[in-house]
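Asks: Chain by chain, the residues run as shown.
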Amino acid sequence: EAGVAQSPRYKIIEKRQSVAFWCNPISGHATLYWYQQILGQGPKLLIQFQNNGVVDDSQLPKDRFSAERLKGVDSTLKIQPAKLEDSAVYLCASTINTPRAYNEQFFGPGTRLTVL
Amino acid sequence: AQSVTQLGSHVSVSEGALVLLRCNYSSSVPPYLFWYVQYPNQGLQLLLKYTSAATLVKGINGFEAEFKKSETSFHLTKPSAHMSDAAEYFCAVIPNSGNTPLVFGKGTRLSVIA
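Protein chains in written order, with the numbering used here: chain A, 1165 to 1280; chain B, 250 to 363.
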């Protein structure tokens, strides 16, 4: 079974530029998460999708960050314009939807963004 | 809000020595608790999870953790460290059941000295 795919793996941009990250979750996984992991910290949720709908985007800086999952499969996270403090690893995770109390989240390798 | 606290941002052990990584959680209800490992330039890999079954949980690579409600702890242990265990370890909690996001601790970097 293929895992969660993310691209690009690395990106270096200058501040005020725009950048986009792509995530392809595991086939059949309805729930998709984007986490931001700043160096020296644990990952923090940016946004959660179920199918193509947003479940939680309360921690997404909406003035510069946007995300979409138009067909309920792939997702794109965009930053426009980027700031120095956006330098981080952006992790995508997905999980299947079942009535079980807990469904394991599977993580992609992440995209490491450096803003100069 | 639910949270986890990992004591010690960096732990260093000798090869063959006991590994102990500490995690305490705050929760008003029995939580779901996890330990993840992150190798350099890689994503997160699940080591083990506690989901209200046995309090002693065994994971991959010889790791285990014990859920202690009285101490609100979920410490990760391994009897004998191997060089390949050097990585970043994250404790995480899901506050509620269902597909809710993970809340992570700040992580503990484990170094193994030959």
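By construction, these hints were calculated from the structure, which means they are not laboratory data.
Incorrect hints may appear among the rest.
For lysine-lysine, the following DSSO-like pairs were computed, each having C-alpha atoms within a straight-line distance of at most 27 Å [said to hold, decoys possible]:
#	chain 1	residue 1	chain 2	residue 2
1	B	Lys307	A	Lys1242
2	A	Lys1208	B	Lys298
3	B	Lys318	A	Lys1208
Asks: B:Lys318 and A:Lys1208: Cα distance at most 27 Å?
Replies: Judged against 27 Å, a Cα distance of about 25 Å means the pair holds.
Asks: Checking one constraint from the list: CA of A:Lys1208 to CA of B:Lys298, max 27 Å. Satisfied?
Replies: The given pair, whose Cα atoms are some 19 Å apart, holds under the 27 Å limit.
Asks: Is B:Lys307 close enough to A:Lys1242, meaning Cα to Cα at most 27 Å?
Replies: violated, 39 Å
Consistency with the previously given hints fails for number 1 only.
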